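One line per chain: the protein sequences are B and S, in this order.
In terms of the working numbering, the first sequence is residues 578 to 844.
In terms of the working numbering, the second sequence is residues 15 to 457.
In short, the hints are calculated from the structure, not lab data.
Below 30 angstroms or equal to it, Euclidean Cα-Cα: the simulated BS3-like pairs (lysine-lysine) are:
no.	chain 1	residue 1	chain 2	residue 2
1	S	Lys166	B	Lys757
2	B	Lys741	B	Lys582
3	B	Lys591	B	Lys792
4	B	Lys792	B	Lys828
5	B	Lys816	S	Lys227
6	B	Lys757	S	Lys192
7	S	Lys227	B	Lys757
8	S	Lys423	S	Lys380
9	B	Lys757	B	Lys816
10	S	Lys162	B	Lys757
11	B	Lys792	B	Lys589
12	S	Lys213	B	Lys757
Calculated Cβ distances over 12 angstroms to all of chain B for the following chain S residues:
no.	residue
13	Lys59
14	Ala199
15	Lys311
16	Val449
Since the model is a prediction, treat every value here as computed from it, not as a measurement.
Think of the CB as a built atom: it goes at the ideal place given N, C-alpha and C, for glycine as much as any other residue.
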Amino acid sequence: MSRIKNCFDKLKTKNRKALIPYVTAGDPDPGITVPLMHAMVSAGADIIELGVPFSDPMADGPVIQRAAERALAHHVSLRDVLAMVAEFRQQDNATPVVLMGYLNPVEVMGYAVFAEAAIQAGVDGVLTVDLPPEEADELVAALKSQQLDPIFLLAPTSDDERIKLICAAASGYVYYVAVKGVTGAGNLDVRAVADKLAQIRKHTDLPVGVGFGIKDAESAAAIAAVADAVVAGSALVQKIEQAAAQHDRIKTEIAGLLMQMRAGMDV
Amino acid sequence: MPEWVCLLKAGVINAKNAKKKLFCMKYESKVANVSQPENMKVGDKLIGQAPDDRGHFGIYGGKFVAETLMVPLQELQDAYEQYLTDPDFIAELDADLQNYVGRPSPLYLAEGWTRYLGGAQIYLKREDLNHTGAHKVNNTIGQALLAKRLGKTRIIAETGAGQHGVATATVAARLGLKCVIYMGAVDIARQAINVYRMKLLGAEVVSVDSGSKTLKDALNEAMRDWVTNIDDTFYIIGTVAGPHPYPAMVRDFQAIIGREARQQIQQQAGRLPDALIACVGGGSNAIGLFYPFLDDKEVTIHGVEAAGDGLDSGRHAAPLCAGRPGVLHGNRTYLMEDDDGQIIETHSVSAGLDYPGVGPEHAWLKDIGRAEYVAINDDEALQAFHDLTRIEGIIPALESSHALAYATKLAPTMDKDQIIIVNLSGRGDKDIHTVAALEGIEV
Chain B
578 MSRIKNCFDK LKTKNRKALI PYVTAGDPDP GITVPLMHAM VSAGADIIEL
628 GVPFSDPMAD GPVIQRAAER ALAHHVSLRD VLAMVAEFRQ QDNATPVVLM
678 GYLNPVEVMG YAVFAEAAIQ AGVDGVLTVD LPPEEADELV AALKSQQLDP
728 IFLLAPTSDD ERIKLICAAA SGYVYYVAVK GVTGAGNLDV RAVADKLAQI
778 RKHTDLPVGV GFGIKDAESA AAIAAVADAV VAGSALVQKI EQAAAQHDRI
828 KTEIAGLLMQ MRAGMDV
Chain S
15 MPEWVCLLKA GVINAKNAKK KLFCMKYESK VANVSQPENM KVGDKLIGQA
65 PDDRGHFGIY GGKFVAETLM VPLQELQDAY EQYLTDPDFI AELDADLQNY
115 VGRPSPLYLA EGWTRYLGGA QIYLKREDLN HTGAHKVNNT IGQALLAKRL
165 GKTRIIAETG AGQHGVATAT VAARLGLKCV IYMGAVDIAR QAINVYRMKL
215 LGAEVVSVDS GSKTLKDALN EAMRDWVTNI DDTFYIIGTV AGPHPYPAMV
265 RDFQAIIGRE ARQQIQQQAG RLPDALIACV GGGSNAIGLF YPFLDDKEVT
315 IHGVEAAGDG LDSGRHAAPL CAGRPGVLHG NRTYLMEDDD GQIIETHSVS
365 AGLDYPGVGP EHAWLKDIGR AEYVAINDDE ALQAFHDLTR IEGIIPALES
415 SHALAYATKL APTMDKDQII IVNLSGRGDK DIHTVAALEG IEV
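The following block holds chain B by itself, in its conformation from the complex:
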């Protein structure tokens, strides 16, 4: 069974929701990423979304754009990210890891080569934000042949027809983008999210994660009340930026915020 399904099944028996932190691999330098992943698990993360830096992050706001620029200043490549996951797996064989990024680095490596390398590194799921299901047949086939979960985005603009299409292609979980905008955008409307999740659940039994606009214990708790998973990205990456490359401070700050979110969600 995939680590992702296993994770959601286990949480369900405990009546808990998944906390999914996102950080960009190699931000602010490659040495921090694996220790930070372990620190996030200790602080209550259930699944880790690891960002693959890309030169043109069209769907990201300024906070995650700058994270990608910091990582790329160290020339962090997709192969480097896979090596980080492999290193993480030496100590943690349970926590699912989802790679999140853009299609082109995967395209250049080649879908089959990438899927093979990803499963060997210990990756569980892959989310390419600029790849809608209409263009994804080949990559989905390559991922599924290696038992990797293709994760897809759903948006406020997705209608019933698209929700069906996306959920049919996805496995593991689906990721609902709670606001129209880029990562780090504000103004989360929990009631609108609840309504959309009800619409999504008419079409799928997959767990539904919600991200964009979750920045503290309060917003995490509000989303945990209606979703299966809470995804936090820009709020964490902002902590990394503020900690100015001090590794201990980064780990402490991120763990602190995750523990607050966890406490809010588990009330």
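Knowing the structure of chain B, use the given hints to seat chain S on it.
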């Protein structure tokens, strides 16, 4: 056993060539496995065949965007398809092109320059005489009319040289729409006059400081704006790139260049030309000229990319000549990228060609062999800029100067009774400061 291990054992690939070989095989297999229109040969009917209903030109094009944009793109496609055949819309568009833009633009036999080059007769399609000084307005007029039909109140656009920004700000001013233009900080510095023109026209010009601070980053930022403000905002993309339906829609608005030229050359010379030449950045002026001639297989087609300091220098903007396929800005096409799939910075003396991608239809025309793509370096373009100015009294844009420079190579290899049409896509007023600075002159 994974495919690449089998290939390695079979000796098809080795450690040295593995990456390139696997990449090529992947695309060859895609090309081989698909039916119409991907495996079309030159000579088949091409007009109206591509893209398919998902926006694919062979393996290129498509819609590679985050989910939030998929429904808005479908709405745009539906609207575009509806209005393209709507007599009222077409009548309004035609009237604007005639009375506001000044179309048809002349097709001019450059006799002095023809004599100077000593070969084929060279006709210039004078897009530089359009209102706002370039071909860009053909497209912005069309998209702005669509925006009005869709009830959008806010227009956004990206711009490199500033020509598309000016053309967008112009139509927004005329229709009373709010207008925001995204422009890389580097381009703002080298195109100060166009920045001021946009501001005069009432547009807000937003400086983009991310990435390489040029056109590609301006496009990223415009996309981010669009995804955030989808309800009231219409994004006017300025070239034949981006997610479907933009490459097809912009082509259709620009194809008036080729339709006019095809008619004009038959009136003036009594026959079709032997060759077409146009510069290619994103490729909108080129596809506009080429498209109506695609089925005239006796007409050779030449797209000219920017070789910057030279293709061997690595400092250029020639993805078709020296790049490889990948996915950026919503479509699959030839890109300038490194081995990790990161987009690399480009260089050209002309801001309008300084872009790491190219329209997917050009990628397709290259692969099927219908068009040839070459590159001209900065020095050659500057020489053509001066030559045309002195010999014909026409100051061309630095972008168009790349097409002119290739004509100086092609024309002498042809007979005197043969004909070349060069798309003079824009006028050079905006480039005066750039050229003067390169020559150490303070204006």
